[in-house]
Amino acid sequence: MISPRYHREIPQRYRLEAGKCKQCGNISFPPRLVCPKCKSKSFETVQLGREGKILTFTIIRVGPDKFSKETPYVVAIIELNDGVRLTAQVSDCDVDKVAIGDKVKLVFRKIQDEGKSGLHCYGYKAVLT
Amino acid sequence: MIGIVGYGSYLPRYRIKVDLIAKQWGADTEAIKRGLMLYEKTVPGTDEDTITISVEAAKYALQRARIDPQKIGAVYIGSESHPYAVKPSATILIDALGIGPHVHVASYEFACKAGTEAMYVAYSLVKAGEMEYALGIGADTSQGAPGDALEYSASAGGSAFIMGKENVVAEILFTNSYTSDTPDFWRREHEFYPRHAGRFTGEPAYFKHIHNAGKNLLEKSGLSPKDFQFAVFHMPNGKFPQEAGKKLGFTKEQMEVGWISPWMGNTYSGSSPTGLSAILDVAKPGDKIFMVSFGSGAGSDGFIYKVTNEIDKVRDLAPKLRDMLDNDKIYLDYGEYAKFRKKIILNE
Amino acid sequence: MLNEMKSRFAGKDVAVIGVGMTKFGELWKKSLRDIFVEASLKAIENSGVDHIDSMYVGTMSGGLFVGQEHIGAVMADYLGVAPIPATRVESACASGGAAFRQAYFEVASGHSEIVLAGGVEKMTDGADVTEALAAAADQEYEVYNGITFPGLYAMIARAHMHQYKTTREQLAHVAVKNHKNGSMNPNAQFRSPVTLEQVMKATMVADPLRLLDCSPVSDGGAAVIVCSVDYAKKLKKPYVKVVASAQASDTIALHSRESLTALKCVSVAADKAYKQAGLKPSDINFAEVHDCFTIAEIVVTEDLGFFEKGLGGAAAENGSTAIGGKIPINTSGGLKSKGHPVGATGVAQIIELYEQLTGNSGERQVKNAKYGLAQNMGGSGASCIIHILEAV
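Top line first, the protein sequences correspond to chains A, B and C.
If you read the first sequence in the working numbering, its first letter stands for residue 8, the second for the next number, and so on.
If you read the second sequence in the working numbering, its first letter stands for residue 3, the second for the next number, and so on.
If you read the third sequence in the working numbering, its first letter stands for residue 2, the second for the next number, and so on.
These aren't lab readings, by the way, just hints derived from the structure by calculation.
Only a predicted model underlies this, so the values are computations on that prediction, with no experimental measurement involved.
Be aware that a few hints might be false.
Here are the simulated lysine-lysine pairs, BS3-like style, with alpha carbons at most 25 Å apart [said to hold, decoys possible]:
hint	chain 1	residue 1	chain 2	residue 2
1	A	60	B	344
2	C	273	A	60
3	B	344	A	110
4	A	104	C	166
5	B	19	A	112
6	C	202	A	44
7	A	123	B	89
8	B	331	A	76
9	B	19	A	104
10	A	76	B	61
11	C	166	A	60
12	A	76	B	286
13	B	286	A	104
14	B	322	A	76
15	B	217	A	117
16	A	76	B	345
17	A	117	B	89
18	A	117	B	322
19	B	286	B	322
20	B	345	A	123
21	C	202	A	104
22	B	61	A	104
23	A	46	C	273
24	A	76	C	202
25	B	344	A	123
Quick list of simulated restraints, FRET-style, between CB atoms [unchecked claim]:
hint	chain 1	residue 1	chain 2	residue 2	range
26	B	33	A	38	38 to 46 Å
27	A	107	B	249	33 to 41 Å
28	C	198	B	149	42 to 50 Å
29	B	317	C	136	42 to 50 Å
30	A	30	C	110	37 to 45 Å
Idealized CB from N, CA, C, for every residue including glycine.
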């Protein structure tokens, strides 16, 4: 991950900062410049809650090179309690026991390494609660 | 009154039993269990490191402290497994937890006592009136070379302590340190595993420093072992802290609660701080806690805490250490453990 | 109303007058440019035109697969047609469909007389294919977290199975049917039929999708020659007419979609296409759809209006989508069996429509086919391009 590119996503990846539309209240994660619901361009920064549930998921058995030593791992689409949806790995679990509807919380984890000498890249993963 | 206003610990869910390590190297399992008093140890997930462990521990400390993260004026993480040789661990932590940017940050290293040094400096800054709150953390994902005695103990976990003046849950009454140049254990730059001096790590290193720091702390405070409800010492294994405590005059009962190494292993910089966390989870107002850490190289930091009425308000605000230690464990076999700990040679 | 819609979109009536493609597969001895030039020369020869005025090349990622960008110029140079305008078009896996649509616009607008629309991909030169394909998803918020394309469609599959009780067997039926069709296509990568059992026991890639649910990694090129119907008539060659060209987009990230079991880009583009052509789903005689994974064919055939929502799996199982069924789907073998050299796919779909509508499909010929529909999709459904062609 090239440093500037990694750096600019830190508020979202570390702290789950989102943009709440001042006109219609829709929350965009990551923040956007135009509200997809009402087209307003006025937002306030909010921090998402960390609890939610699994809407759907898969178990990655064949990963890209970067994640090939991590397989099998679960990736899920998670709906947070405030309605925002995101994609995250589900960590620390028996991959064969994850189910749609499972309650999760997001924790701070290392997501990937940029080779042996590059950056450690952090962000959110889910764990079952 | 100055002391701990919020504390939190984090242990990974993965474990390996010492039996599997012993079997791998043809060692005598029963002798290890008996000699070192070790049964199993924590193992970090492949997505966990000193930083992620510190973030989770500090998050729990903040939950208990119930303070605005912006009021924290300094964050120090003590570890011998900082993910970067050059780049501070705590910059990542402060951005994850909404601390700063007006905050002092540094990574500390002093083998297994970098955590208590971080706590000491955090406490001292508050005492000096430099800031309202300061955060000291000890965390590690310790490495022990495959087949080495350290492999049975080197584990992962950490604890975070927010020091402050208001709503103190454990007042710090006395502190001290005892340090000398003692080459018992080291890791050279660019080396993957630490080396140690075998039996020299015992008497001239661990026991000498713990005992002298402990003895000096008792003298300084004018207290005697019987004045304490709890005592905790650095736990390189299960056996050493019991012996060190006994020699200072503490009983098994006083050490019982903080003695977690038989099931946790040695979390290095997070060892005695995590024992302290286990004690705070159950201590009653008025209880006194005696704590001495040890870091190879070598030195020991001593602390005497007095628990306040505030403890009852905060201990349930975050997960308790024994719950993390005893529940939701995922056991690994040696192959999985070797993969998790990057002990298998792979192509880039 | 329909006529109004139609007149708003159409300029000149547009025809396809010639097609050409390479065999799809692992073409170890052929480079990206060799593949494209081979397909284009075949198309030019097949059409009988003596020149082309302009060309579009659909390629998903020359950059990641072989480190080559500026594909338009490369191909015009090696096809020997420089200095004509040559433009690379990209819409991930829908790049080929997008290239054809640009050629359609250029001819319909009267700007050019004869335009080549091609597509090409060279995927076997050693790149990390999983990572390159993943670039079609949200790099920062999906791919960063370890998702892959099989993974994205697996999440759609699991949601569809959960919501509509679609079964694992129904997914497998799509693969079995498409391999059977592909076995009759000389250009297909896999010409061997597979059994239900083979699909059900294939290596797991991203639960619940197995290896035989996934389209393969392929090299290949495809090209068609587009001109006005008026010009086609002068050439006195078989041609087919383009009666609809529609496109739609959706959120780049699957997690931001309104529904995880429907592809809105497909239903929106289909709605536009049917209106342009003045047709209903039931008027379509056969379709080539984007079966990058078996679940995609199931969802797409629902969202094209061929089957009620939730019944796409049953349709695959009961033979409705087989040749001779209610609406044959992917008579070419689809991406699944014919192969999926990403940028070439959308153009190869047009080729199958042309062959079927001109009666040249041999043993996989759909009888009395008048209307064929091609649906080409990018990413996990963030873009979709639909064309309807009519036999004349």
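### Query
Is 42 to 50 Å right for how far apart the beta carbons of residue 317(B) and residue 136(C) are?
With a Cβ separation near 49 Å, residue 317(B) and residue 136(C) satisfy 42 to 50 Å, so the hint holds.
### Task
For the pair we were handed, residue 202(C) and residue 44(A), check the Cα-Cα distance against 25 Å.
violated (44 Å)
### Task
Take the C-alpha atoms of residue 166(C) and residue 60(A), compute the straight-line distance between them, and say whether it is at most 25 Å.
At roughly 21 Å apart (the allowed maximum being 25 Å), residue 60(A) and residue 166(C) satisfy the hint.
### CB-CB spacing for residue 110(C) and residue 30(A) relative to the 37 to 45 Å hint
Distance hint for residue 30(A), residue 110(C) holds at roughly 39 Å.
### Message
Can you confirm whether the C-alpha distance between residue 76(A) and residue 202(C) stays at or below 25 Å?
### Response
Roughly 24 Å between the alpha carbons, so the hint for residue 76(A) and residue 202(C) holds.
### Restraint status (C-alpha distance of residue 117(A) to residue 322(B) at most 25 Å)
holds (24 Å)
### Query
Keeping to a limit of 25 Å between CA atoms, is the pair of residue 344(B) and residue 123(A) held or broken?
holds (12 Å)
### Query
Hey, residue 19(B) versus residue 112(A), does the alpha-carbon distance stay inside 25 Å?
Distance ~28 Å between residue 19(B) and residue 112(A) Cα, so the pair is violated.
### Query
Given the hint that residue 123(A) pairs with residue 89(B), does the C-alpha gap stay at or below 25 Å?
OK: residue 123(A) and residue 89(B) at ~15 Å, within 25 Å.
### Query
Taking only the CA atoms, is the gap from residue 273(C) to residue 60(A) under or equal to 25 Å?
violated (36 Å)
### Message
Please verify whether residue 46(A) and residue 273(C) have alpha carbons no more than 25 Å apart.
### Response
holds (24 Å)
### Query
Taking 25 Å as the top limit, are the C-alpha atoms of residue 19(B) and residue 104(A) close enough?
holds (23 Å)
The earlier numbered hints that this structure contradicts are 1, 2, 3, 5, 6, 10, 12, 13, 14, 15, 22, 26 and 27.
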